[in-house]
Amino acid sequence: MSLPPATPSVPSPSSPLDAAVTDAADEVHTARTLADSSPPTDEEILTVENLTVEFPTDDGLVKAVRGVDYTLHAREVLGIVGESGSGKSVSSMAVMGLLPKNARVRGSIRYRGQDLLTLRPREQRSLRGRKIAMVFQDPMTSLNPVRSVGDQLAEAVLAHQLVPRKKALERAREMLELVGIPQAGKRLRAYPHEFSGGMRQRVMIAMAIINDPDIIIADEPTTALDVTVQAQILEKLLEVKDTVNAAILLITHDLGVIAGMAHRTLVMYAGKPVEIGATDQVFYEPRMPYTAGLLGSIPSLEGERDARLRPIVGTPPSLIHLPPGCPFSPRCPLASDICREDEPAVTDTGDGHHAACHHSDKLAEAADATAFFKEGR
Amino acid sequence: MTQNPPASAPEKGPAKDPAKDPATAGARPPGAADAAQGMAVVARSQGQLVRRRFLRHRGALAGMLLLFFVVALAVTSIGAGPLPGWWDKDPTTTGNVVGNGDPTLSVLPDLLGGGGVHLGEHPFGQDNIGRDYFALTMRGTQVSLLIAIIVGLVATLVGTVIGAAAGYFRGWIEAVLMRVTDVVIAIPTLLIAGLIGVIIADKGVVLFALFLGLVAWTQIARLVRGEVLSLREKEFVEAARSVGTSSRRIIFKHILPNTVGIIIVAATLTIASAVLLESALSFVGLGVQPPDTSLGRLITEYRSALTVRPWLFYWPGLFIVAIALSVNFIGDGLRDAFDPRQTRVRD
Amino acid sequence: MLAFIVRRLFVSIWVFLAASVVIFFLAVNVRDPLSEARQLPGPAQESAMAEITERMHLDEPTIVRYFLWLADVLTGDLGVNRQGQDVNAMLEGAFTATLQLVTGATVLAIVVGITIGVVSALRQYTALDQTVTFVAFICFSLPVFWIGTLLKQFLALDFNDWLADPTISPVFIGGIALLTGMACASIILGDRRTRLISFAASAAAMATLLAVLSATEWFTDPGLGPFVVALSAAAGAIGFTTLVRGLEWQRPLQAALMTAGVGVVAMFALDPVLDDPDVLTIGGLAVLTAAVSAGIGWYWGGDLYRQAAIPSAVLTGLFTGAVIFTDRMLMNFDNYSASVGGRPISTVGAETPNYEGTFWESGLDSFGHLALPTLALVLLSLASYTRYTRASMLEVMNQDYVRTARAKGLSERAVVTRHVLRNGLIPITTLVAYDIGAILGGAVVTEQVFGWSAMGSLLFTGIEQGDPMPIMAFFLVTGGAVVVFNMLADIAYAFVDPRIRLS
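Residue numbers (UniProt numbering), protein chains in the order written: chain G, 1 to 377; chain W, 1 to 347; chain E, 1 to 503.
Each statement offered as a hint is correct.
Far from chain W, by Cβ distances over 12 Å, these chain E residues were calculated:
no., residue
1, F159
2, Q250
3, T358
4, S366
Covered stretches of chain G, going by a simulated chain E footprint (3 or more residues, C-beta under 8 Å):
no., region
5, 123-136
6, 140-151
7, 156-165
FYI, nobody ran anything at the bench for these hints, they're computed from the structure. Computed from a predicted model, the values in this text were never measured in an experiment. Note that the Cβ used here is the ideal one computed from N, Cα and C, for glycine as well.
All chains, full assembly: derive it from the sequences and hints.
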């Protein structure tokens with residue numbers, strides 16, 4: 001395997017070592033945006049088709065994912081947005097093969113033509129962490145508290161490559177430098193609790209890219225972090241994506257995260273995709289009321305000063321007893337009789353933009369799609 | 001105490017088993033946070049949840065039934081205090097030893113080649129001076145249960161007060177209380193309980209039980225203190241304090257109600273180990289003294305009879321095991337039921 | 001860290017002193033030490049009372065007597081008992097016996113308990129797990145004196161009777177084979193077919209083994225023989241290597257197998273030494289074994305595999321040594337059995353009085369006397385280790401960092417050994433330390449059941465005679481153990497958990 005050259009991106013500040021200070025201070029250079037990053041190619045590296053995941057429970061069968069299709073191209077950033085319970089995390093855990101044993105998974109997940117769901121556990125494991133890596137939500141709990149950071153990073157190398165431990169540690173040091181951790185060599189011996197949240201998430205990113213993967217799945221990578229650190233982590237993700245030429249599956253409930261980060265965006269609701277398209281299309285021309293509702297509930301600095309938020313009323317449906325028809329219909333201002341009887345299929349609304357709504361044309365006609373939702377009090 | 005399994009948790013150790021009941025655990029696959037949230041639609045009160053989880057714990061349910069049976073049998077058979085019982089023999093009357101004193105209890109129906117289901121004249125047999133062993137065993141069960149319950153109550157009360165005060169007030173109060181706890185812990189339970197047992201030997205079992213309770217509270221105190229320490233940092237306590245609520249009110253209205261779960265569990269397990277402690281003390285002659293009797297004393301008295309009249313040895317032992325086992329199972333069920341981690345949903 | 005230890009030590013000393021005051025005041029009031037002397041007739045009464053009063057300082061206030069005791073203790077003198085016997089000497093004998101009793105039991109309970117707990121957690125909700133849970137609850141609920149007496153009756157007496165004619169009944173063979181099969185089937189993961197096969201294979205193997213042992217009357221003159229020793233060593237090599245690093249690579253396995261080979265060769269080479277060694281020789285051999293094994297692992301592992309090869313080789317080496325040791329013991333069994341009248345499992349005391357024999361024979365004598373009380377003690381404490389380990393493991397298995405470890409592509413074995421086990425056992429260290437502290441004081445009941453003259457006798461005679469000196473000696477050791485091990489637990493916890501170590 002060829003390791004990419006590790007380029008230290010940040011000159012290490014000599015002192016202070018205090019992680020919180022460096023968190024804020026080390027990204028003084030110009031912000032990196034999606035436009036600077038290398039563009040996606042046409043090569044399909046991950047194809048998910050009709051993926052369903054169910055969990056048997058006492059109260060009934062929880063249908064966590066009810067048929068998800070998407071394609072990830074090489075070097076592409078695909079954002080997956082949805083509320084808790086929309087199935088976005090569960091579907092990405094299915095890609096990693098990390099679902100609990102009692103999960104029932106159907107459909108196909110093809111990585112470069114190989115169906116991951118039919119692979120033997122050993123083959124699946126050899127892809128995990130090497131070709132498909134993951135950055136988890138909470139860096140505070142995702143690192144083993146009683147083992148040094150260097151140890152945990154080297155372990156990821158040693159799981160897939162036959163190299164002496166020293167080499168693996170050297171690789172770990174390079175990766176720490178790459179993600180902008182000062183005095184990387186020294187920090188290898190430190191324990192996770194000696195790092196701040198942002199620094200730990202950098203360690204997680206280093207761990208994800210240490211084997212030069214094709215796909216990085218980032219599951220809410222910034223949710224647990226301070227707002228000031230969030231942007232730095234996202235930028236770092238974009239930067240390392242180019243270093244290792246990986247594609248990113250960026251899972252979040254926060255539309256703000258997606259905006260500057262993803263080439264395309266997939267919106268999920270109640271275990272199903274409801275809208276997919278280029279990020280700009282989804283943001284500026286939503287064709288599904290749920291997306292419009294999400295957009296309306298973001299506070300904005302622009303526009304009228306006294307503009308109120310337009311929240312989506314109600315709660316997501318139970319995944320055990322889904323309402324008939326469109327699962328969003330009980331909360332949808334546009335819902336009509338057909339919505340309550342017939343669940344809409346995902347259809348093409350033009351220019352590679354797809355949505356699952358009986359009334360997407362109404363949204364297309366409206367000047368401001370968010371206006372369908374009432375203002376909050 | 002020499003053996004009180006779950007209650008002897010080191011403070012830092014995991015005191016709770018996150019998912020023991022197959023039924024409830026299946027409902028929360030660790031990675032399926034999204035899924036679990038989707039079903040959190042039926043609102044249930046805390047009490048309902050606890051009851052529901054407890055009733056689903058088969059071991060706890062079986063323990064409840066067994067304990068109820070043992071208690072009912074012990075109390076109604078020979079009666080308690082002024083209440084008469086339905087069993088016509090009493091534990092002290094001696095008499096003729098009928099046929100070596102063999103037990104007349106039979107549980108195998110005729111169909112299976114047994115002697116039919118009946119109690120007979122002396123269901124548990126007789127001892128060497130012709131006393132009815134069923135009545136004696138029931139008497140011993142009553143005393144052992146009484147001691148265990150008193151120990152449980154006293155230990156829980158003392159442990160909770162000391163633990164809560166130490167955890168809430170910190171500073172010198174905590175230092176003093178925890179040092180006192182350390183001192184009590186440093187003394188082997190059998191040693192201090194034995195010494196006290198001998199000193200108050202002629203004052204009766206109730207006083208003996210009270211004193212046992214006064215040395216058995218340390219685990220509960222440590223447990224409660226740990227819980228209070230973490231609770232007092234919680235936002236709702238902070239909020240109560242910020243509006244000027246008095247310390248007493250915060251402890252009794254805000255903190256203790258939240259520790260009820262672990263206190264009940266610890267109390268249950270203390271009762272289970274108290275049964276064993278009492279019997280061990282009585283066995284080495286430092287516990288219940290004649291003319292009182294208890295299950296442990298009965299075993300000691302008739303230990304040498306194991307080869308000639310084995311039933312004199314078996315029955316009290318079986319009752320000790322039955323009580324301790326059922327109480328332990330109930331404790332386990334309660335722990336599962338109160339464990340908030342079973343409802344916690346990660347997002 | 002040093003400040004923490006010093007402070008902890010200081011607190012422990014004060015706690016211990018305070019506890020000793022409490023015990024002393026109770027002990028002097030427990031019974032009238034003069035009661036027997038008062039029964040004596042005439043002038044003998046007066047002189048006896050005067051003598052005891054003088055010896056025990058009964059004319060001084062209790063507080064003065066306490067400080068007299070404390071001053072003596074600080075110089076290492078535990079005083080004399082009511083009869084004037086030296087308590088130091090009494091304590092020495094009693095302590096040795098108790099230590100002998102609890103050491104093996106504790107080690108065994110810890111090792112077996114933690115192992116069962118780990119397996120039970122890894123196989124959560126299987127029949128195995130539920131059986132373990134149920135049995136653990138029964139063990140919690142057993143009164144030690146009751147189960148001890150039953151063990152004496154059924155295990156010792158009946159086993160000794162059986163040894164006279166050691167044939168195993170077919171029903172018994174069938175039962176054991178069935179249980180073995182069920183245990184193996186539930187430990188092995190896989191589909192129904194794999195489990196059925198493992199059930200059948202292990203049950204058949206066990207049945208054959210027992211049938212052969214029974215037919216050849218193996219139990220009258222047991223032993224393993226070089227072939228079985230070699231086979232076990234090889235199996236050990238494969239087993240330990242699998243445990244340490246898995247069998248993907250050749251080198252660690254080769255190192256372990258080499259070690260096993262060296263061990264078997266050494267068995268023959270050392271034959272004269274092993275005929276009647278002493279404890280030091282055995283200890284030296286164990287150290288030598290570990291060193292040689294480590295050398296083999298280091299050399300054959302090379303840069304790439306050293307990390308896996310050294311532990312695999314050392315574990316294999318020690319295991320092979322243990323097998324050879326067992327073989328030697330078994331070879332001496334018929335001699336020993338004959339010398340104690342064919343009743344090798346004893347129910348009373350710590351040793352056969354005036355027994356003389358080789359290292360192996362006196363070893364068997366100790367074993368015969370320790371077997372039952374150890375079993376009783378293990379049954380009781382095994383359960384709590386099992387339950388705690390299981391709970392701790394399950395808790396750790398749900399942690400996010402374990403998911404991270406899986407996401408790295410680590411094998412399930414590596415996830416368990418490097419992340420789950422390591423983290424899950426940290427709280428267990430504390431529990432183990434607390435327990436060791438408490439076990440010295442807790443063993444008195446077991447001692448009584450099995451008629452050991454040990455720490456318990458010190459306490460009971462002290463109480464019987466109203467004599468504080470033996471009681472205080474009992475407290476010094478048992479209470480001291482609690483305090484010391486509680487302190488060690490806190491310090492150990494700080495050492496194994498870096499989060500505490502650094503703060």
